[in-house]
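Those protein sequences? They're chains F and X, same order as listed.
Counting from 1 along the first sequence, just add 12 to a position and that's the residue number in my numbering.
Counting from 1 along the second sequence, just add 1045 to a position and that's the residue number in my numbering.
Calculated directly from the structure, the hints in this document are not laboratory data.
Glycine residues also receive a C-beta, built at the ideal position from the N, C-alpha and C atoms.
Among the hints, a few may not be true.
[Stated by the list, open to error] Quick list of the computed label-pair ranges, beta carbon to beta carbon: (1) X/Asn1083 x F/Lys83: 20 to 30 Å; (2) F/Val125 x X/Gly1085: 13 to 23 Å; (3) F/Ile72 x X/Phe1154: 29 to 39 Å.
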Amino acid sequence: DVKVTQSSRYLVKRTGEKVFLECVQDMDHENMFWYRQDPGLGLRLIYFSYDVKMKEKGDIPEGYSVSREKKERFSLILESASTNQTSMYLCASSSPGRDYGYTFGSGTRLTVV
Amino acid sequence: SQQGEEDPQALSIQEGENATMNCSYKTSINNLQWYRQNSGRGLVHLILIRSNEREKHSGRLRVTLDTSKKSSSLLITASRAADTASYFCATDESTDKLIFGTGTRLQVFP
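So here's chain F without its partners, still in its complex pose (with noise of 0.2 Å):
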């Protein structure tokens, strides 16, 4: 079964502290995306890369970065986290061109102290 995972299903960090999200995919995707969910706000798009080492802002980068080395592996890292960072942060893989949609980890809920 293909799948996207996500390495942590709940953590919570202190402010101040760097924290890194990761993601795996095993489909050979081309594309990998990070979101976070807040109640009323939705999915908003963090960052995004088409390949690896490849990177581009989505509509929310501040505060973060990322680092895609390996094809199957894309990392959210939080460089110095904060209150306002706490919320679900989901994971998203997907081929260019195709019809399937993406495919979404089951995300990690982080809550910052």
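Fit chain X to the given chain F structure using the hints.
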């Protein structure tokens, strides 16, 4: 930028009834997709409709697209309690990058 806006925000129906959710968007699109999210989980892709299509079916799902009105609807027929979830529309502007709406929360009572 929020591309899609779903309506209604919340919908409660009885099992066996049909559920209709609407989505409006702002710019030209390549395709529009619908996703489902069970509480606290990731999203699952349901159906994709291209900009040159007007209607598409998949099992109990029927999606329509009106590009002149920049709107789409998702119809779930003969709903079941297991259909209880949030439903999101998402638009692709030919960049393989999806912009999601804020979702409709559907509650189906047994």
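Now for the hints, and whether the structure bears them out:
no., hint, result
1, X/Asn1083 x F/Lys83: 20 to 30 Å, "29 Å, holds"
2, F/Val125 x X/Gly1085: 13 to 23 Å, "20 Å, holds"
3, F/Ile72 x X/Phe1154: 29 to 39 Å, "36 Å, holds"
When held up to the earlier numbered hints, the structure conflicts with none and fits them all.
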